[in-house]
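With the hints as constraints, model all of the structure from the sequences given.
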Amino acid sequence: MLPFVFEWSWQWDAGRIVFMGLLYMVLGAISLGVLYAFVMTWLRLTGRDKLYKRLWLRFPFTLW
Amino acid sequence: MVAWLMLIAWGLVSAFLCLYKGLNQTNMNHYFAFGLWIVFDLSLIALGAGAFFTGFLAHIIGNVFIYPFAENLKAVVNAAVVIGFICYSGAIAMLGIDIGQPLRGWFIFWHANVHSMLTEVSFCITVYLGVLTIEYLPLILSNRKLNKIPELNIFGDNLHHLVALFAAAGTFLSFFHQGSLGGMFGVLFGRPFAFRDGFLMWPWTFFLFILSSIAAGPSFTLLCVWITQKVTGKALVQKGVFILLAKISGWLLATYMIFKILDTIGWAYGVVPRAGLSFMDFYQGSYGVWLMIAEIGVFGIIPAVILITPQLRERNGLLVIGAVMNVTGIVFNRFVFSIQTLAIPVMPFDTFMSYMPTWQEWGIALGTIGYGILLFSLSYRYLPLFPQEAELNPVTIFGRVVKDFGVVKRG
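Top to bottom, those sequences are chains A and B. According to numbering that gives the first Met the number 0, the first sequence is numbered sequentially starting from 0. According to numbering that gives the first Met the number 0, the second sequence is numbered sequentially starting from 0.
Honestly, the hints are just simulated from the structure, not real lab data. A few of these clues could be false.
Where chain B lies over chain A, by a calculated footprint (3+ residues, C-beta under 8 Å) [as the list claims (entries may be wrong)]:
1. 12–20
2. 25–31
With a straight-line cut-off of 27 Å between C-alpha atoms, the simulated DSS-like cross-links for lysine-lysine are [unchecked claim]:
3. Lys147(B) to Lys52(A)
4. Lys73(B) to Lys144(B)
5. Lys144(B) to Lys233(B)
6. Lys49(A) to Lys73(B)
7. Lys229(B) to Lys20(B)
8. Lys52(A) to Lys233(B)
9. Lys246(B) to Lys144(B)
10. Lys73(B) to Lys229(B)
Don't be surprised by glycine CBs; every beta carbon is placed ideally from N, CA and C.
And the structure:
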C-alpha cells in the first residue's frame with residue numbers, strides 16, 4: 000500500500016503506479032475536502048469573515 | 000421494532016459463532032467459496048448504487064450542467080445517502096465475518112495485489128463507505144438538537160457545501176468497484192459459465208455490472224421511499240419524483256437488457272463452444288434454464304417495459320411492481336454469478352453441486368436487513384430526510400396553516 004512496504008521494492012510496474020496513483024488521488028481529494036471544511040469552520044468561528052468569504056468555493060470551482 | 004431487534008440479535012449470535020468457532024458454521028466448502036453472504040453483498044452493493052448515482056445526477060449533472068431534473072432528485076438524495084450507507088456498512092460487516100480471520104483483514108490493503116479485481120473492490124468499497132459517512136454527517140448534524148451547537152451547524156454547512164466533490168469521488172469509486180465485482184467473475188478463465196471476452200483488461204461483465212447497478216439503484220431508492228410513505232401514512236415526496244426515478248431506472252434497465260442479451264448470445268456462441276461444452280451443460284438440477292428465463296425475461300424485460308412506458312409507470316401499482324421486479328432481477332443476476340458459477344462441474348470427475356446456507360449464514364444476512372431497517376427508521380425519525388415532507392403535510396395550528404416545521408435544509 001505504501002512505497003516502503005517490501006512489495007514495492009521489486010514491483011515498480013505501470014499497474015501499481017496507476018492503481019496506487021488513482022487511489023491516492025481520490026484519498027487526497029477527500030482529505031482536502033474535509034480539511035477545507037474544518038478550516039472554513041475555524042475561520043467562521045474565530046470571526047475571520049473576510050478571509051472566509053474569500054475562500055468560499057463557488058461551483059464550478061472558482062476561488063474568487 | 001421488536002422484529003428488527005430480534006433479527007439483529009440472531010445476526011449477532013451467528014457472527015459470534017462464526018468468529019469463535021470458525022467458518023465450519025457455514026455450508027461453504029471448497030466448491031462453494033462464495034455463499035449466501037456474497038450473494039447478499041453483491042446485491043446490497045448493487046442496490047446501494049442509488050446513492051452514488053442519485054448524488055451524481057443531483058450534484059454533478061445538476062450543479063455543473065444545470066439540468067432541470069436536479070431539483071426533483073434533491074428530494075430523495077438524503078434518503079439515497081442513508082440507504083447507500085446502510086447497504087455498504089452492512090456489506091462490509093458481512094465481509095468481515097466472511098473472510099474468516101478479520102484480524103488479518105488489513106493484509107488486503109497493506110500488501111495489495113494491484114492486479115486483482117478483489118483488491119480494487121476492497122479499496123473502493125472501504126473508501127466509498129468513508130465518502131458515504133462524510134455525506135451522511137451533514138444530515139446527522141441537521142438534527143434539531145445538534146444543530147443548535149454553532150460549531151456543528153457551521154461544520155455541517157461547510158461539509159455540505161462540498162457535496163459535489165464528495166459525490167464526484169463517490170462516483171469514481173463506485174464506478175470501479177461495481178465494475179470490478181463483475182470483472183472478478185468475467186476473468187475466471189477456468190469457469191466458462193462466468194468467463195467473458197472484453198475490452199482491454201475489462202471483461203464485458205465489468206460494464207454489465209455497472210449498468211445493472213445504476214439501473215437497479217434508483218428503483219431500490221424509489222421502493223424504500225414508497226414503503227416509508229406507506230408506513231408513516233404521509234406524502235414524503237411529490238409523485239413526479241417517483242416517476243422520474245422510475246423513468247431513469249427504466250431506460251437504464253432497457254439499455255442493460257439489450258447489452259445483457261447480446262452478451263448472453265455472444266457467450267453461448269463464443270465462450271461455450273470454445274470450452275468444448277454445450278449451452279445446456281450449464282443448466283442442470285435445481286439451477287435449470289428457468290434461472291435465465293427469470294433473470295432476463297421475467298425480471299428484466301418486463302420491468303423495463305413497465306418503467307419506460309409512461310402510461311404504465313404513471314399507475315401507482317405498476318410503478319411499484321416494476322421497481323420490485325427490477326430489484327429482484329438484479330438479485331437473481333448476482334445469485335447466478337456467485338452460486339451457479341460454482342455449482343457447475345469443472346473437472347471430469349465432478350458432478351453438479353448444490354448449496355444450502357445454514358441458519359448462521361441466514362442469521363448474519365437477515366441481521367443486516369434488521370440493522371438497515373432500524374437505522375433508516377431512526378434516520379427518518381430524527382433527521383430531515385425528505386425536504387418536501389413539511390410542504391406536502393401542512394398542519395393547522397390555531398387556525399393557521401404551517402408548512403415549515405423548522406426543519407434544517409442545507410443548500
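Practice task
Report the numbers of all earlier hints that the structure fails to satisfy, in ascending order.
Solution key: 6, 7, 8, 9
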